[in-house]
Every structure is written in structure tokens, then in C-alpha cells.
Amino acid sequence: MSATAVKTASNPLDDKTVFYLEEEPHHEEGASTMLGFWLYLMSDCLIFAMLFAVFGVLGGNYAAGPGPKELFDLELVALNTAMLLFSSITYGFAMLAMDRNNQRQTLAWLAITGLFGLAFLGIELYEFGHLIHEGATPQRSAFLSSFFTLVGTHGLHVTFGIIWLVTLMVQVSMKGLIPANKRRLMCLSMFWHFLDVIWIGVFTFVYLLGMLR
Amino acid sequence: MSAANSDHSPDSHDVDHLGHEAHNHGSFKSYMIGFVLSVILTAIPFALVMTGVLPTQATALIVMGFAVVQIVVHMIYFLHMNSKSEGGWTMLALIFTIIVVVIALSGSLWVMYHLNTNMMPTHDMTQMVG
Chain P
1 MSATAVKTAS NPLDDKTVFY LEEEPHHEEG ASTMLGFWLY LMSDCLIFAM
51 LFAVFGVLGG NYAAGPGPKE LFDLELVALN TAMLLFSSIT YGFAMLAMDR
101 NNQRQTLAWL AITGLFGLAF LGIELYEFGH LIHEGATPQR SAFLSSFFTL
151 VGTHGLHVTF GIIWLVTLMV QVSMKGLIPA NKRRLMCLSM FWHFLDVIWI
201 GVFTFVYLLG MLR
Chain W
214 MSAANSDHSP DSHDVDHLGH EAHNHGSFKS YMIGFVLSVI LTAIPFALVM
264 TGVLPTQATA LIVMGFAVVQ IVVHMIYFLH MNSKSEGGWT MLALIFTIIV
314 VVIALSGSLW VMYHLNTNMM PTHDMTQMVG
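Sequence lines, in order, name chains P and W. Per the working numbering, residue 1 is the first one in the first sequence, and the count goes up by one each step. Per the working numbering, residue 214 is the first one in the second sequence, and the count goes up by one each step.
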């Protein structure tokens, strides 16, 4: 301690105590992107948790209107679940093709993923249209309001996921599998699989348990 | 870039770099395991509810159990969660989120259930008619 003090006193310019880093530690570009995106997904998870809580509280309030047993078609939901599950595995194949730096295969698998996503959305919109046509609109009962909010929010996420997917396909085909594009594909991969995880909650708590109520 | 930096901070940067490169996207095998498990874990609850072979209570419990297992399967095989990625920070964020979600969900359901049973006048149809 005293040695340092002496040294500092004798040579104040060279050995001045500094309280900041003279050179910023080097961070690779995008090194923290995955963690940041994961934190976003966790906050998104909270949004869905609140919507699930609302559905849990209001899901039994039919206001003398139709209940899940009259409204839901489980075969359609099973088909929808299959579409989302297929899109998850095909996105996985796109990531594996990306690891092999195979741009054509990556794009092909991404396109297939997008088609499955569109099929999912199409079936969901058909279901919504069918419900509204039958008079089971969001205004009908608290159960239907919370149902449309929860399932609709998930559908909206899938919609934006597809828009993002198409954007990335354009970017990959223009710029190739550069590190920035790989990072973006990895973020979308997490987003896409996360939506599938949320859908597990939706088909379990809304549709399957709804049929048992 | 890497060489210049490794003299500078040999402790952290190399590890970080390696960890970044080894960002594990899974393999064909792990994706297929996850997919097959998901199909099984989805098909059984749907079949149970659609056929109604078991009593309602048992079906509900089994369906919820399968959902939890399937979420874990997705986390491991599709989202590649493990305790080491990003130095454990993703796992920490996940655990925190799960705690908040459990508190919010169980709290909401519990409070609102009691509110419903305690605040609502008990509907007695005979009195209403009279």
C-alpha cells in the first residue's frame, strides 16, 4: 500500500490510479443479442400468463350463451396443433441447414415453415369466422371475450412471426448467411418455438379442459 | 482481432468466444426426439378427451400433466435450454419468470374463486320465481 503511494508520488503521470477501463473490453457484435431476446420472450410469457389468468377466471362465465362443448371442434384444433408442431420441426431443419451453411436448403425449410404457419393461421381464422357466424362473438360473454383475446393474441404473434420469417428469407437470399442473418434466424427460431410452447398451454387449458368443464 | 484480444484479456474472451461458436442448435437426432415426444404427448391428451374413456377428473389431471411434460420437452429439444447457456442467465430469467407466472396465475384463480363464492348472492331459483 505504502509502496504504491510512494510510487504514485514519485511518478504521478505514469502510475496514476484510474477508475475507468482504459480500453473497453471487446464485445463481439451481437454477443448479447440472444440473452436480450430471451428476456423479451420471458416478458412476452408474462403477457400470456396474464391472459391465461383472465381466461382462468372468466372462462366459466357463459352469460347463458354457448360454452366450449357447443363451440369447439377438437378435430380442427388437433389439425391446428399438428400444423404448428410441423412448423416447429421444419424450422429446426432450417437451423440445421444454416449450421451447414447451406443457403438453398435453409431458404427451402424456411418457406415450408412459413406455409405451415399460414395453414395454422388459416385454420384459426376459419374457426374464428365460424364462431362469429354462429353468433359466438367476443361481445357475447366474458368467456368468449377472454377466449378471443388469448387465442387472438397468440394468432397475432404467429402473424408477426410469419412477416418476420418472410423478411429474413428476403435478407438471406440477398445477403447470404452472414453472421448478422444467422443471429436473426436464431432469434426467430426462439420466437417460433416459444409460440409453440404457448400453444401447448392454449390447446390444453382452453380447448381440452374447456371440453371437460 | 481474436489474437490481439487474447493477450489483453485471456481469461474471459476466449471462453466467451468459444461459447458463442458452440451455440447449440441441436442435432437432427435431438430435433427428431423432441418431435416424436411432442407428437405422443399431444396425441394422448386429445385422444383421452375425444374418446372420454376415463372419468373427467382423471382426464383433466392427465391432460395437465402431459402439457407440463411437453412444455419441458419443447424447452429442452427445441429451445435448447440448459443451465449453461449465456452463463446461466437464461435459466435464471426463466426461473424468475416461472415464479412470477405461478404467483400471478395461482393468486388470480384463488382470489377470484373466493370472491365469486363469497360475494355472489346464492342463486336460489325458488325464491327468484316467488
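It is worth saying that the hints were derived from the structure and are not from the lab. Don't take every hint at face value.
Listed below are the simulated DSS-like cross-link pairs for lysine-lysine, each with C-alpha atoms no more than 30 angstroms apart in a straight line [what the hints assert, rightly or not]:
no., chain 1, residue 1, chain 2, residue 2
1, W, Lys242, P, Lys182
2, W, Lys297, W, Lys242
3, W, Lys242, P, Lys69
Sample of chain W residues at the chain P side, in silico, Cβ under 7 angstroms [as the list claims (entries may be wrong)]:
no., residue
4, Ser251
5, Ala280
6, Gln283
7, Leu292
8, Ser296
9, Trp302
10, Thr303
11, Ala317
12, Ser321
13, Trp323
Where is the CB? At the ideal position from N, CA and C, for every residue including glycine.
Now for the hints, and whether the structure bears them out:
1. W:Lys242 <-> P:Lys182: OK: Lys242 of chain W and Lys182 of chain P at ~21 angstroms, within 30 angstroms.
2. W:Lys297 <-> W:Lys242: Between Lys297 of chain W and Lys242 of chain W the Cα gap is close to 21 angstroms, so the pair holds against 30 angstroms.
3. W:Lys242 <-> P:Lys69: Since the Cα atoms of Lys242 of chain W and Lys69 of chain P sit roughly 39 angstroms apart, the hinted pair is violated (cutoff 30 angstroms).
4. Ser251: At about 6 angstroms, which falls below the 7 angstroms cut-off, the nearest Cβ of chain P leaves the hint on Ser251 of chain W intact, so it holds.
5. Ala280: holds (4 angstroms)
6. Gln283: holds (5 angstroms)
7. Leu292: holds (5 angstroms)
8. Ser296: Where the cut-off is 7 angstroms and the nearest Cβ of chain P is about 14 angstroms from Ser296 of chain W, the hint is violated.
9. Trp302: Trp302 of chain W check passes; min Cβ-Cβ to chain P is 6 angstroms, inside 7 angstroms.
10. Thr303: With a closest approach of 5 angstroms, the Thr303 of chain W hint holds.
11. Ala317: It holds, given that the least Cβ distance between Ala317 of chain W and chain P is near 6 angstroms, below 7 angstroms.
12. Ser321: holds (4 angstroms)
13. Trp323: This interface hint is violated because 10 angstroms lies over the 7 angstroms limit.
When the structure is compared with the earlier hints, violations turn up for hints 3, 8, 13 and for no others.
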